[in-house]
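> Following the hints, complete the assembly by docking chains P and H onto the known chain X.
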Amino acid sequence: MNTIGLALAAATGLMGLGVLIALGTGVRLRAAATGTCTALIGVAGIVAGVAALAGPTFAADLPFLIPVLGARLAVDPLGGLFTAVTGGVVTAAAIYGIGYNRGRHGQRGRAAQALTAVFAWSMIMVPCAASVTTLLATWELMALASLLLVVAEHHRRTAVAEAGRWYAAMTQLGFIALLLGLVLFAATAGGDSFDALRAADPSPARSAVIFVLVLLGFGSKAGLVPAHVWLPRAHPEAPSPVSAMLSAAMVNLGVYGVLRVGFDLAGGGTRWWWLLVLAVGAASALLGILQAAMANDLKRLLAYSTVENMGLIFIGIGAAGVLLSSGAPQLAALALAAALLHVVNHASFKSLLFFGAGSVLRATGTRDLDALGGLRARMPVTTVLFAFGAMSAAALPPSNGFGSEWLLIQALVHGIPAGGVVTAVAIPVAVAVVALTAGLAMATFVKALGVGFFARPRGDGAARATESPAPMLVGMGLAALACLATALAPATLAPALARTVGTTTGVAGDVIAGGVTVRLTATTSTMSPLVITAGLALAIAATAMGIVLVGRRVRRRRAVALWDCGGGVPTARMQSTASSFAEPLQRVFAGVLDPETGVDTASCPESRYLVTQMTYRRRLSDRVERRLYPPLATAIRWLSGIGPILANGSLHRYLAYGFVGVTGLLIVLAVC
Amino acid sequence: MSLVKLFQKIRSTGRIAEPSQPGPGGLACPKAAQLGGSVQLRHIDTGSCNGCEIEIGSAFGPVYDAERYGARLVASPRHADALLVTGAVTHNMAQPLCRTVAAAPHPRIVIAVGDCACGDGVFADAYGVRGPVSGTVPVDLRIPGCPPEPTTIIRALRGLTGR
Amino acid sequence: MTPAALLVTAIQVVAVVAFAPVVVGLMRQVRARLEGRAGAGIGQPWRDLRKLLRRQPTTPEGTGWAFRLAPLILMGTTLVIAAAVPLLTTAPVLGPAADLLVVVGLLALGTVVLALAALDTGTAFGGMGASREMMVLALAEPTILLGVFALSARTGSTNLGGIVSATLDDPARLVTPASLLAAGALAVVVVAETGRLPVDNPSTHLELTMLHEAMVLEYSGTDLGLVELASSVRLTVLLGLFASLFVPWGISGAGLAGLPLALAALAGKVGILATALAGTEVFLAKLRMFRVPELLAGSFVLALLAVCASFLLA
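Residue numbers (my numbering), protein chains in the order written: chain X, 1 to 672; chain P, 673 to 835; chain H, 836 to 1149.
Bound conformation, chain X alone (with noise of 0.2 Å):
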């Protein structure tokens, strides 16, 4: 046993001691005493992680533990990356968690506290799932915890329980599909280990069904466009450290498990799954921004983020899958490569982000934006950390949100002459996509950094709010250092990136190459994180020097009311909302949005001209789920209406039944 199986095993233990503490002890020492055991079954899975990306890899058969089938592990880099990134998001959020279950919003009772610890470690062993019996059922245990936490909530908002519905059937219809999948993988296989998938050999046909059904599965997991309607509902209602967990590693194992099952089990496939991938990734992509750029309630505003961020993996991950089979395997793999750091980076400031909204939502009570504002300074330091992360997932430079989509759009860029027609028309729409993306996420992280944290409080929760206790500034803080690190030194994860995606592909090489300089062994693009923020900085220093020179004599800042216009000092109604900073975008994208706007207007009774009162009221539902799940739903019903008709009591009719299907069965047996 090495140090990736005394990881798992201590991960393991701890999991267990997590749920004995939680069950037994007070509720005083309840949160810490289990918070301390999730963060440490985080380290854990980061240590068993980063071992695994290193180099050695683990196997382990346990037959004992699922009967009949046995449960199997397996530790490859490929799966190492996800626990570590899992890991690292674990530790943050339970440390986070001890902090958050102190106050109004916290979730202290026996079950909730139990539960995050094996969450916490079912997510760490997906990825180290050797079969298809032990991926299923890790994936369902860990289906099942999350479900329990989202509705953790549900007695104090009526909001809960519909996200909770929501949650429950979409990762059920997930799961059907996955199991659908891998059970057909598996028989057509003979044999349920991932040794025996790789083997197997299946029809193209077969493995075609075998790849839609698993793409549904997963990709209902990582939210992607049709199956994310459950994630902007059960993301934000879920207690704050849970949505960490949920928007920044669950997430992950979608894309794992799309990754594991179409390159490294079926081998790669055929040309248009991967465009399959692409364009269901670009969708998700536009579509997540879009309503995230209109979203008004913070934790809202960033699951559709987790939408959109999902549909750029996806994109990479397309893009890799294209250019594998285009021929062009240096591309693939940095396309693949830039898809992984994205997973990290996504990680790091997902989290740090929703720490951020976590701890707003705790101190004001509120997740309104419309509500919220002038929080820079009664939380000065919840606000710093919230900028950076918003300045993530806006991918400016030099932020490590830049450093992935740079990866991600070189791949794209100079993929084009890799295949034909296809991907002359495929990648430059990626492109576009990807640009357009980055350009509404810009506008959406203004909105949120800006409306909610800026100017002056819009509502009483926000003029009283208070800073967040020291855990939850430490697990932030862990957030924002992990930001940090992947933004200024990308190439220190090269090693790790390139073994990922040498397990994962079969390409093996660098991909990118050089320490402060990002490098690329495919083209011949370069770019410094490192030295554009030395820049920046001398560059800022070398302003405010020259202002000090310039301005000797100046006469000193003067402190002065807000510019009124001369009418009176603009009160805080008057400010930018964040409906009013969406509306010009809303009107540009009406047609993809489809708003329903109204202005209401009250007048005297004497004349309808003196008005007294006008409201604007604006509803923006999801487009696609609107348009999709109602017609779905009815048919659901329509076809459950025929099962009264089939079943109506008749004995008689029960045994033509019986008889019809057996003489079937046996005609079928005997023409094959």
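Think of the hints as simulated: they come from the structure by calculation, not from any bench.
Think of the CB as a built atom: it goes at the ideal place given N, C-alpha and C, for glycine as much as any other residue.
Where hints are given, some of them may not hold.
Chain H regions said to be covered by chain P (calculated; three or more residues, Cβ under 8 Å) [as the list claims (entries may be wrong)]:
# : region
1 : 864-872
2 : 890-896
3 : 1007-1017
4 : 1052-1064
Straight-line Cα separation of at most 25 Å, BS3-like style, residue types lysine-lysine; simulated pairs [claimed, not checked]:
# : chain 1 : residue 1 : chain 2 : residue 2
5 : P       : K681      : H       : K1121
6 : H       : K1121     : P       : K677
7 : H       : K1121     : P       : K703
To spell it out: a stretch of chain P is covered by chain H in this simulated footprint if at least three of its residues, at any positions, have a beta carbon under 8 Å from a beta carbon of chain H; those stretches are [unchecked claim]:
#  : region
8  : 678-688
9  : 750-757
10 : 784-797
11 : 813-822
This is chains P and H only, laid out in the frame that chain X set:
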């Protein structure tokens, strides 16, 4: 008007601006010393009959072209070095005038434009009028006239820019 | 990083910062002459700046560090861009660290910082300006990146020095449809990014029609001076970059020998572009706010055509 016609119009019109007159020589007020050939102005109408506005408008029009001497109208008192106040100060505009003056950074120059603003216009004792500009905020420079001619306004502004 | 490259880059940054207000002055002068005015002379923006940089800055109540730091960060990003793009030399010091995508990102960073500062004031005009500016930025972004794509796909690099050198080696690629379409698309984007007509009117006094200007209504004195200097440097750098990409002749290599010629060539090219831009503006009115997306969509189509042409007609 089509592009070609507009182009022909521009060519046939040529230069409209009248030749530059000799400047006043020297600065009109000590605060103008640090402006160094550039003055940005914010205009405030505190109760004018709009006669002065028309004159200011033509002072900045193509014929008189006050911009050639470094003067420019701006949109915010924060950007302004000097405030052009026109009209007798009415009761309703007294407070907005104070607020606008307070919003401008130091050192700021208040210019009273026209007889009403300077204190002896036709509306001097009207019931809605509080008094001249100097009764509400300190005035640095006066431009008399009812209304003052564009050349008078420009001459005063050149006293600020020193050009 | 050789001392010569460092020196050339330093000269490039100083030259750009020193001449940026003159470029703005030239544009105002051209416009004034076409309107029949005498004009204030091309040195007027420098006089304005000299005065503003020495004037008292104000801090409105209720604003915080975002408002205070924005002018410095904006100027900082602008200086880094000036040290990264090939204007005088094809090998500026920051060239390998900051490719075309980084330059685009840093331009966006400057705009975002200013938009945040505008939101920080909490005034109606600030919020409105920020919201509109972000809309234009979001819609200009796809065009820029597709333009980058069209220019760099055949060079195999997004590094600006590489693109310019490749064009110098093979000038025939400038007259390909891909290059011409990309030039058209990027011209529209330069106009949008620098807030010129018909997207924004830099000399408007009416708050409701403002984009860029509405964001800086609260700044005064030194802060305002920095913002104005930064926006003039951005204009100059973008015009210079446009010239380097599509008319690269005269630019010097890594050494010092070609520097005088490069300075003269840059001044000439930027002067001609600025004159042309100002001359065009006389014939244009500002577009209605919600017609701007149509203009940007048009430039996007041009850029997409450029990419397709670069592949299909290669």
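> Hint by hint, note whether the structure agrees.
So, going through the hints one by one against the coordinates:
| no. | hint | in the structure |
| --- | --- | --- |
| 1 | 864-872 | holds (count 6) |
| 2 | 890-896 | holds (count 4) |
| 3 | 1007-1017 | violated (count 0) |
| 4 | 1052-1064 | holds (count 6) |
| 5 | P:K681 to H:K1121 | holds, 21 Å |
| 6 | H:K1121 to P:K677 | holds, 20 Å |
| 7 | H:K1121 to P:K703 | violated, 37 Å |
| 8 | 678-688 | holds (count 7) |
| 9 | 750-757 | holds (count 3) |
| 10 | 784-797 | violated (count 0) |
| 11 | 813-822 | violated (count 0) |
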